[in-house]
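Protein chains: 2
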Amino acid sequence: MIIVPEKEIAALMTRADAFTAVEQIFASMSKGSAYNFPVIREAIGHENALYGFKGGFDKSGMSLGLKAGGYWPNNLEKHGEINHQSTVFLFDPDTGKVKAMVGGNLLTALRTAAASSVSIKHLARKDARVMGMVGAGHQATFQLRAALEQRAFEKVIGWNYHPEMLPNIEKIANEAGLPFEAVPLEGMVEADVVISITSTFAPTIMAHHIGAGTHIACMGTDTKGKQEVEAALLAKSTVFTDEVAQSISIGEAQHAIGSGLIMETDVNELGAVINGTHPGRTSAGEITMFDGTGVGLQDLAVAASVVDLAVEKGVATIVDF
Amino acid sequence: MIIVPEKEIAALMTRADAFTAVEQIFASMSKGSAYNFPVIREAIGHENALYGFKGGFDKSGMSLGLKAGGYWPNNLEKHGEINHQSTVFLFDPDTGKVKAMVGGNLLTALRTAAASSVSIKHLARKDARVMGMVGAGHQATFQLRAALEQRAFEKVIGWNYHPEMLPNIEKIANEAGLPFEAVPLEGMVEADVVISITSTFAPTIMAHHIGAGTHIACMGTDTKGKQEVEAALLAKSTVFTDEVAQSISIGEAQHAIGSGLIMETDVNELGAVINGTHPGRTSAGEITMFDGTGVGLQDLAVAASVVDLAVEKGVATIVDF
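Going line by line, the protein sequences match chains A and B.
Just add 85 to the spot in the first sequence (first one is 1) and you have my numbering.
Just add 85 to the spot in the second sequence (first one is 1) and you have my numbering.
Please note that a few of the clues may not be correct.
Heads up, the list lumps identical chains together, so a pair's fine if it works in one copy or across two of them.
What the hints assert, rightly or not - Here are the simulated lysine-lysine pairs, DSSO-like style, with alpha carbons at most 27 angstroms apart: (1) K309 with K211; (2) K184 with K92; (3) K182 with K92; (4) K184 with K256; (5) K240 with K321; (6) K144 with K163; (7) K211 with K184; (8) K256 with K211; (9) K398 with K182; (10) K206 with K240; (11) K309 with K398; (12) K206 with K163; (13) K182 with K309; (14) K206 with K92; (15) K182 with K163; (16) K163 with K184.
It should be emphasised that the hints constitute simulated quantities derived from the structure, not laboratory data.
Bear in mind the structure is a predicted one, so any value in this text is a computation, not a measurement.
With the hints as extra help, turn the sequences into a complete structure.
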């Protein structure tokens, strides 16, 4: 079997490869040729850790397996390790034998960034010029970097609950040759594309913070109770997601559905837009929203891609198993 | 991280070690210091395969992880590989990092055999002399070999739907120095201990096939709809299991519960007997039944044990991950 350790991923996986893998898997999910298994997520009662499995099978790409791991909030302080820890295991769909083990930490960051980037490609206005960021943590830098490749942006504006973290994303904007401006939430109305990447249980972004014609990608909500945007904003938007079942149960749509503002049938698959079976944005004034909840198939897709690259470049560790 | 490939397991894991690991984990489950996660089991729509994950966390033994794999019915014919394929992954409960990967095929056979053996130790009459087998496939040989170590048996009797397979278990009996006799199902009434290890959707063993004072371990039912013994037999027996939730939903007890013959509270944990919080057998005439459904923690327990042995004996493969 093939082993690709965490430390090899950065040199192997490009944003472009992650983008392609995620775009393809969203398309396959919408076609019905790839599906995610139910998610296991357990508070194990040790180190306040959340641990679980996200699995799936992609019949087109012949990827079968899971990402296992979770969130260990004391890791950094106690062990100097990052708090999110995950590993991807790929199996041979023809035999059920394990095929590869791949470090999942950087891949998770890249696939999450790729998801909002794919949504921007397919849903944002072509003439989008102002990129808005709500959130400025570690993952925000990945989201912004991938987003900036999708349109000819001229400026990045940003807000964060802790403004002292804004230099994280200012740096990314500047690397791309763009000016950065810190704004209050009300200033976000200027953005043509917004990515929110925060972890909150009360909405930060209100409907009036988002201007007409904006595409907003909500990337921080993946748990019952979490919420980044006011439910009323979903009622004003055309809502897309990676997986409808997750969007309405653990994504942003849970709240708008719960309060009766939208129905399950109002939540559309981004994959359908990629496949051309949903028109996507139909006017310049429309607000489009991507509710990115994160699915196991994204992890399998980028891991399968990295395994191919590792084999191709001769850096895969092969062990007898 | 540590890798113990399938081919190393036979030389490392003894029946005695598997027995100890399974006995301890049943005890921990009953104490509440170890618990299984919900099971994922998916018909993936390729090769008629069933694939899934059985995970858990044992806080006493500090084992965290899962067994992944399943049943590929065409493996033997198409690829010369066994149809059941599985791999166990252990994680460090302190950090969430992957710790070990262990071949799970032989371990599954050993831990399943250990479960019925543990049940015989704690529930069969001390003076049991006749061992009865219903089922004579590959797994039956493991169950019988482990069972014979628990009492001073003098004879093995066996029945199988395909009688031409009975030599499989006759061989095991003879290896233990015991005579073997093929019997009709009615002849099973002579047995003091019975193990059923078949895969059927209609009961084979009727209540009148089991004599007073017998201990019967039903090891073949792990899916909704499967059934090895007539539900009426459960009503006549004191019923024990590895995990009550599984017993009543996917184990033998599903049918007796469904038809109202017994209640959930009639299904007892074998771990409680091991811990001394349930008296177990209380009379020589009592029929005791073990409904062995198979839990992820058994897999983690034997895998953790094998990792320790592999490290101790210097045969573990260590890879940088």
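We went through each hint and held it up to the structure:
In the homo-oligomer, the alpha carbons of K309 and K211 never lie at most 27 angstroms apart, since the shortest distance is 34 angstroms inside one protomer and 53 angstroms across protomers. Taking the closest pair of Cα atoms, K184 and K92 come within 27 angstroms of each other both inside a single copy (19 angstroms) and across two copies (16 angstroms). In the homo-oligomer, the alpha carbons of K182 and K92 lie at most 27 angstroms apart both inside one protomer (25 angstroms) and across protomers (14 angstroms), since each shortest distance falls under that limit. Proximity of K184 and K256 under a CA criterion of 27 angstroms is satisfied in neither setting, with 39 angstroms inside one chain copy and 36 angstroms between copies.
In this assembly of identical chains, the alpha carbons of K240 and K321 lie at most 27 angstroms apart only when taken from the same copy (25 angstroms versus 77 angstroms across copies). In the homo-oligomer, the alpha carbons of K144 and K163 lie at most 27 angstroms apart only across protomers (19 angstroms), although the nearest pairing inside one protomer, at 41 angstroms, exceeds that limit. Neither within a single protomer nor between protomers do K211 and K184 lie at most 27 angstroms apart by alpha-carbon distance, with minima of 41 angstroms and 47 angstroms respectively. Proximity of K256 and K211 under a CA criterion of 27 angstroms is satisfied intra-copy only: 25 angstroms inside one chain copy versus 75 angstroms between copies.
Proximity of K398 to K182 under the C-alpha cut-off of 27 angstroms is found in both arrangements, the shortest distances being 24 angstroms within a copy and 26 angstroms between copies. For a Cα distance limit of 27 angstroms, the shortest separation of K206 from K240 inside one copy, 18 angstroms, qualifies, whereas the shortest one across copies, 73 angstroms, does not. For a Cα distance limit of 27 angstroms, the shortest separation of K309 from K398 qualifies neither inside one copy, at 41 angstroms, nor across copies, at 47 angstroms. In this assembly of identical chains, K206 and K163 lie within 27 angstroms of each other by CA distance neither inside one copy nor across copies; the values are 40 angstroms within and 43 angstroms between.
Taking CA atoms no more than 27 angstroms apart as the test, K182 paired with K309 passes between copies only; the shortest distance there is 25 angstroms, against 34 angstroms inside one copy. For the homomeric pair K206 and K92, neither the shortest alpha-carbon distance inside one copy (30 angstroms) nor that between copies (49 angstroms) is at most 27 angstroms. With identical chains, the CA atoms of K182 and K163 are at most 27 angstroms apart between copies only, with a shortest distance of 14 angstroms across copies and 36 angstroms within one. For the identical chains of this complex, K163 and K184 are inter-copy neighbours only, at 18 angstroms across copies versus 33 angstroms inside a copy, given an alpha-carbon limit of 27 angstroms.
Checked against the numbered hints given earlier, this structure breaks hints 1, 4, 7, 11, 12, 14; the rest are met.
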